[in-house]
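Between the sequences and the hints, there should be enough to build the whole structure, so can you do that?
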Amino acid sequence: MDCKIHWTVHMHPSINKSPFSKIEVESLERIVSQRVNQELDLDWDSIAQELGNDRLAWQCFRIYQKYINAASQSWTPEEDAKLTSLVATHGLGNWSRIARSMETRSRTQCIVRWRQNLRPGIARGRFTPEEDEKLVAAVQEFGERSWAKVANAVGTRNDVQCRERWLNVLNPDLRKGVSFTREENTQLLELVQVHGENGVKLRKHSEQGRRSNAKNSFRY
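Numbering (full-length UniProt numbering), first residue to last: 1 to 220.
One thing to keep in mind: the hints can contain errors.
What the hints assert, rightly or not - Pair ranges (Cβ atoms, derived):
hint	residue 1	residue 2	range
1	Pro-19	Ala-81	19 to 27 Å
2	Asn-16	Ala-81	21 to 29 Å
3	Gly-91	Ser-33	18 to 26 Å
4	Ser-33	Gly-125	13 to 21 Å
5	Glu-141	Ser-96	15 to 23 Å
6	Lys-22	Gly-125	35 to 43 Å
7	Glu-130	Asn-53	24 to 32 Å
8	Ile-122	Phe-142	30 to 38 Å
Source of the hints: derived by calculation from the structure; they are not laboratory data. For every residue, glycine included, the Cβ atom is placed at its ideal position computed from N, Cα and C.
Right, here's the structure in full:
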């Protein structure tokens, strides 16, 4: 990870690093549920902005997966088969009825599971060269914030898969390397204090060491 992103994502003083409060978790669940009910895509950048409190997209996604969506992490093959059958029977507009028939899953969980994992056309495993080409073209057209639109353009992957693939593999500014050491964190903080958040100067200084890019990306 390069200096600019390490500073922006991990060290910037505006980032709220405190544990999520119960109220924040409840607000996050409400925001996600509203977006699901309105059939909007789970754009975590937008969700983080709506939540406020200086939270980042990856923080919101992590908390959602860990606490709110935890039960959906362990869907069984039988549940997947039942959900698929219920969708075929009742259609995509009857999620409340589908959830009642599932018994152990909420409406939101059923919708998210279907959209992210079970809907026809979602591929698993490694991206093909053709998918990579579509992903690169889609990011060039829609940018790095509209992942729902990017996923629709790719066609065979969901928004989470597309974002992960781009940020961690295909981004041309990506430079894989080891994590920042404590000494490097200290040096970076000193550089910011001296030069401010000037990416050019930070890049110039970082090029004297192990890192040369002024941009990178993060997992969420």
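We went through each hint and held it up to the structure:
1. Pro-19 with Ala-81: 19 to 27 Å: 38 Å, violated
2. Asn-16 with Ala-81: 21 to 29 Å: 41 Å, violated
3. Gly-91 with Ser-33: 18 to 26 Å: For Gly-91 and Ser-33 the Cβ distance comes to about 21 Å; the hint holds.
4. Ser-33 with Gly-125: 13 to 21 Å: 31 Å, violated
5. Glu-141 with Ser-96: 15 to 23 Å: 36 Å Cβ-Cβ, so the 15 to 23 Å window is violated.
6. Lys-22 with Gly-125: 35 to 43 Å: 38 Å, holds
7. Glu-130 with Asn-53: 24 to 32 Å: Hint violated: Cβ distance 41 Å, outside 24 to 32 Å.
8. Ile-122 with Phe-142: 30 to 38 Å: Taking Cβ atoms as reference, Ile-122 and Phe-142 lie about 19 Å apart, which means the hint is violated.
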